[in-house]
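J.: Chains V and R supply the protein sequences, listed in that same order.
Take the first sequence: its position 85, counting from 1, is numbered 84 in numbering that gives the first Met the number 0, and each next residue is one higher.
Take the second sequence: its position 18, counting from 1, is numbered 17 in numbering that gives the first Met the number 0, and each next residue is one higher.
None of these hints come from the bench; they were simulated from the model.
Check each hint, because a few of them may be wrong.
Heads up, simulated DSBU-like pairs for lysine-lysine below, C-alpha to C-alpha not over 30 Å straight-line [said to hold, decoys possible]:
(1) V/56 with V/70
(2) R/94 with V/450
(3) R/94 with V/454
(4) R/127 with V/450
(5) R/125 with V/369
(6) R/94 with V/427
(7) V/2 with R/58
(8) V/452 with R/94
(9) R/94 with V/428
(10) V/428 with V/399
(11) R/94 with V/369
(12) V/428 with R/125
Quick caveat, the model's predicted, so the values are computed rather than measured.
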Amino acid sequence: MAKLYLFGIGGTGSRVIKSLTMLLSAGIDFNGYELVPIIIDPDSANGDVTRTVEILKAYQHVHERINKEKKAESSFFNTPISGISQNFRLEIKGSHNEEFREYIGYSELSENNKALISILFSEDNLRADMEVGFKGNPNIGSVVLNQFSESEDFVKFASDFSAGDRIFIISSIFGGTGAAGFPLLLKNIKNADHTLPTWALLKEAPIGAISILPYFGVWPDPKSKIDKATFISKTKAALDYYNKNVSGNNSLNALYYIGDEVNKDYENHEGSTFQKNDAHFIELASALAIVDFVATDDSYLQNVNGRATTPLYKEYGVLNDAETLTFGDLGNGSQHRLREALTKFTLFNLYTENHIHSSLDLPWATGSVKIDRQFLGQPFFNTYIRSINKHYWEWLTELKRNKRSFAPFDLKVGYNNLFELVAGTKAKKGLFERGSNYSRVDYVLSRTEPKVKAKSQDTFFIELFDKALEDVTREKFG
Amino acid sequence: MNEIFAPLYEGWGLFWLGDFSNDLYSNNLYTPVGLTMLVSSIIWMAIYYYVIDHPRFAKAWHWLVWILVLCGINFAVANYVSFSQLTELYTGQEKDVPYYSEFTTFSFVNALWTFIVAFAVSLLIKGKSVMCRRTPF
Numbered sequence: 000m001a002k003l004y005l006f007g008i009g010g011t012g013s014r015v016i017k018s019l020t021m022l023l024s025a026g027i028d029f030n031g032y033e034l035v036p037i038i039i040d041p042d043s044a045n046g047d048v049t050r051t052v053e054i055l056k057a058y059q060h061v062h063e064r065i066n067k068e069k070k071a072e073s074s075f076f077n078t079p080i081s082g083i084s085q086n087f088r089l090e091i092k093g094s095h096n097e098e099f100r101e102y103i104g105y106s107e108l109s110e111n112n113k114a115l116i117s118i119l120f121s122e123d124n125l126r127a128d129m130e131v132g133f134k135g136n137p138n139i140g141s142v143v144l145n146q147f148s149e150s151e152d153f154v155k156f157a158s159d160f161s162a163g164d165r166i167f168i169i170s171s172i173f174g175g176t177g178a179a180g181f182p183l184l185l186k187n188i189k190n191a192d193h194t195l196p197t198w199a200l201l202k203e204a205p206i207g208a209i210s211i212l213p214y215f216g217v218w219p220d221p222k223s224k225i226d227k228a229t230f231i232s233k234t235k236a237a238l239d240y241y242n243k244n245v246s247g248n249n250s251l252n253a254l255y256y257i258g259d260e261v262n263k264d265y266e267n268h269e270g271s272t273f274q275k276n277d278a279h280f281i282e283l284a285s286a287l288a289i290v291d292f293v294a295t296d297d298s299y300l301q302n303v304n305g306r307a308t309t310p311l312y313k314e315y316g317v318l319n320d321a322e323t324l325t326f327g328d329l330g331n332g333s334q335h336r337l338r339e340a341l342t343k344f345t346l347f348n349l350y351t352e353n354h355i356h357s358s359l360d361l362p363w364a365t366g367s368v369k370i371d372r373q374f375l376g377q378p379f380f381n382t383y384i385r386s387i388n389k390h391y392w393e394w395l396t397e398l399k400r401n402k403r404s405f406a407p408f409d410l411k412v413g414y415n416n417l418f419e420l421v422a423g424t425k426a427k428k429g430l431f432e433r434g435s436n437y438s439r440v441d442y443v444l445s446r447t448e449p450k451v452k453a454k455s456q457d458t459f460f461i462e463l464f465d466k467a468l469e470d471v472t473r474e475k476f477g
Numbered sequence: 000m001n002e003i004f005a006p007l008y009e010g011w012g013l014f015w016l017g018d019f020s021n022d023l024y025s026n027n028l029y030t031p032v033g034l035t036m037l038v039s040s041i042i043w044m045a046i047y048y049y050v051i052d053h054p055r056f057a058k059a060w061h062w063l064v065w066i067l068v069l070c071g072i073n074f075a076v077a078n079y080v081s082f083s084q085l086t087e088l089y090t091g092q093e094k095d096v097p098y099y100s101e102f103t104t105f106s107f108v109n110a111l112w113t114f115i116v117a118f119a120v121s122l123l124i125k126g127k128s129v130m131c132r133r134t135p136f
């Protein structure tokens, strides 16, 4: 199976990976690729990173369990996810627990070199503690992250890379880690050490990237080194650099740009556990760029001597410039990819969190494979599925309350109006339809149960819900 | 038909009620009561399994209540048919009807057979139902 190595740089990179994991949980088609997320963030305690890693691990567990016997016939959790390291992170040597001046050996430099350094880096830069990343300073990031090729994890990635695999890089352009890391990572992949057996493959590898332009701000804080007033100037500088050194020399096969003028200011945290930004529609749309990249035909991703022959440049747009987006405000492509999958998975979430315990005596749960209280108490459901449910709900809630808001669902639906779930869509009602709301789902689950052939409880459970909720979604909202 | 239903209602002697049973047999009354019981059980259970077939009514106790209602209907049918027909018979002969508790006993027997037949019909047809294919078990 071909792999997509997905590098997520900085906090934004992690949040896009989180959005992609949500889409894969919901069964978005990943064109048969295995996903290998690689998070690059020197801020080891970053709240966004830890949250993403937790979700990835839960997903991995569910995917492995349901594919234990044979390949599960389910779109939910269908794409395999693996990691080059236990926590999906690429460790950069020497990027922790020290000030930047110590990292570059400032005290040992000659007076002339010190003078040169003072032109490139401010006193604040030199004193910056890198434990929480580069605090929006790409000039620091570009020095530290230039050590990619010496990282053991990078060597492992390079050694694992095979013909047919692809690479995608997510980075924001207005911060520190992403803006600095993206061109350096690209350079290190394209010019991999010739001692690596795969250097030639890496040079010709199909590479896509998304560069995320400003889409949020931070509150002014004199104590913080991060100032949103610098976001636009940093973006311009980085774009100018990319124009010459990334897109300008055809280093990439596909480059996606995204950003938003409507935005919200978050609390100003330089990093660590406090940096846990709400999910944003831009991150979801960026995840769609990755889906678009894996769906792109090989013929568009050819390289000659390490340069793309037909580089693709794409931007993202919505149909209506509304402050609160619903499915109807998205373009046809996005609607096609998101509407059914997310509706299905949201129904799965609602049913398994609110209703399942009262339905265990119905035919869908009492057939040859039993779904009983004991099953619901096992880690597969009680820990992993419920963890993904919790994160998915949190993700939907954050998308809704963010600005620009993405609110495709009414998250307050209850027992009497379940099918008012999809915002702006009136659910269809059949004349002789049996059951309404959760009862309708019970009916369709029971109707589907004889068609599910899986023998293990875990696989049966996911396959059953995948098939039945697909029917419910098409019947109600199709 | 009367020959078929008679042993059922008389329970091969177990529910035999003497002259009352003889009167029912000789006036061919087992046939309407028995046919009603049989046909109503099939239709009643088919309605439960294929027409209602609803998640809210798929539990064993729903099924039991449904059958008990049918038993009640057939209890009333047996009581009405036997009472009206035998009253007419004895009134025609200018005699008082010599039975009292027999009507109730016969009606209970009909309700019992209703339960048994409805149960058997359930086992035969439940497999094709969506929501009730495992009701009562």
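J.: Take the hints in turn and mark each one as holding or not.
T.: Evaluation of the provided hints:
For the suggested pair residue 56 of chain V and residue 70 of chain V, the alpha carbons sit about 19 Å apart, so the restraint of at most 30 Å is met. Distance check on the hinted pair: residue 94 of chain R and residue 450 of chain V sit about 66 Å apart at the alpha-carbon level, beyond 30 Å; violated. For the given pair, residue 94 of chain R sits about 72 Å from residue 454 of chain V by alpha-carbon distance, which is inconsistent with the 30 Å threshold. Pair hint residue 127 of chain R plus residue 450 of chain V holds up; C-alpha atoms about 14 Å apart against a cutoff of 30 Å.
For a cut-off of 30 Å, the pair hint linking residue 125 of chain R to residue 369 of chain V stands: about 19 Å separates their Cα positions. As the CA atoms of residue 94 of chain R and residue 427 of chain V are separated by approximately 66 Å, the hinted pair breaks the 30 Å bound. Between the alpha carbons of residue 2 of chain V and residue 58 of chain R the distance comes to roughly 48 Å, so the proposed pair goes past 30 Å and is violated. Taken as a hint, the residue 452 of chain V and residue 94 of chain R pair is broken in the structure, with Cα atoms around 70 Å apart against an allowance of 30 Å.
A threshold of 30 Å between alpha carbons decides the hint, and for residue 94 of chain R with residue 428 of chain V the separation of about 63 Å lies outside it, so the pair is violated. This hinted pair checks out: residue 428 of chain V and residue 399 of chain V have alpha carbons roughly 27 Å apart, not beyond 30 Å. Between residue 94 of chain R and residue 369 of chain V, the direct Cα distance comes to roughly 65 Å. Violation of the 30 Å bound is thereby established for this hinted pair. Proximity of residue 428 of chain V to residue 125 of chain R is assessed by CA-CA distance (about 26 Å); at most 30 Å being required, the pair is judged to hold.
In summary, the structure is inconsistent with hints 2, 3, 6, 7, 8, 9, 11 from the numbered list given earlier, while agreeing with the others.
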